[in-house]
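For reference, the chains in residue letters:
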Amino acid sequence: QKEVEQNSGPLSVPEGAIASLNCTYSDRGSQSFFWYRQYSGKSPELIMFIYSNGDKEDGRFTAQLNKASQYVSLLIRDSQPSDSATYLCAVQWGNKLVFGAGTILRVKS
Amino acid sequence: DTAVSQTPKYLVTQMGNDKSIKCEQNLGHDTMYWYKQDSKKFLKIMFSYNNKELIINETVPNRFSPKSPDKAHLNLHINSLELGDSAVYFCASSQDYEVETQYFGPGTRLLVL
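Protein chains in written order, with our numbering: chain U, -11 to 97; chain X, 4 to 116.
Errors might be hidden in some of the hints.
[Claimed, not checked] Covered stretches of chain U, going by a simulated chain X footprint (3 or more residues, C-beta under 8 Å): (1) 30 to 39; (2) 60 to 72.
[Unchecked claim] The calculated lysine-lysine pairs, modelled on DSBU-like cross-linking and capped at a C-alpha distance of 30 Å, are: (3) U:Lys44 <-> X:Lys55; (4) U:Lys84 <-> X:Lys43; (5) U:Lys30 <-> X:Lys55.
Worth flagging that the hints you see were computed from the coordinates, not collected in a lab. Ideal Cβ positions, reconstructed from N, Cα and C, are used throughout, including at glycine.
The following block holds chain U by itself, in its conformation from the complex (with noise of 0.2 Å):
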């Protein structure tokens, strides 16, 4: 069973802190790690992806990977109000994606 653990929060941070959502998978055999964003009542939005460990950088986001601990997790600089969502990952197995749960993210002004 593949599965795609996150806390679902939700994590509040004020206006202008970084948010940092996190997420780990249970098959070391995946290669493809997506962050997804959804605001209510929307549909998700691809905002990052990262294949190779370390870091990979977007503007205000970043993702980062450590296969060895089987962990991915997405640092949002300068968190600003619109950035208020839930934050979906997702792992590539073969053709399809594995979603988490999402982290409820509230940004405070």
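Following the hints, put chain X in place on chain U, whose structure we already have.
What follows is chain X alone, placed relative to chain U:
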């Protein structure tokens, strides 16, 4: 232009009814998917088609039957609806199996009474 569209947006129906949801993408993608997101926001893949061929068929009751008339369309027919079928159903598409190109439709909110 809408990249991935779904109809209807909302669907309220009685237990035991049969209903269909339609999906169309204009991205020129080869692969289309159906996902179910339950009340706890857990998003799970149901089916995937590549060039009209069924590729992924997860453990889903056989009351659910997908159909892809062409690679731009993927429909989902549900027979004998049950209360537990209430969820948001998302269609998505991608270029082949390049998940990083996967784009979700707006979702169909199904409520079974």
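Okay, the hints, checked on the actual structure:
1. 30 to 39: holds (count 6)
2. 60 to 72: Coverage by chain X is violated for the stretch 60 to 72 of chain U (0 residues, Cβ < 8 Å).
3. U:Lys44 <-> X:Lys55: violated, 35 Å
4. U:Lys84 <-> X:Lys43: At roughly 21 Å apart (the allowed maximum being 30 Å), Lys43 (chain X) and Lys84 (chain U) satisfy the hint.
5. U:Lys30 <-> X:Lys55: Given pair Lys30 (chain U), Lys55 (chain X) holds - Cα atoms ~27 Å apart, limit 30 Å.
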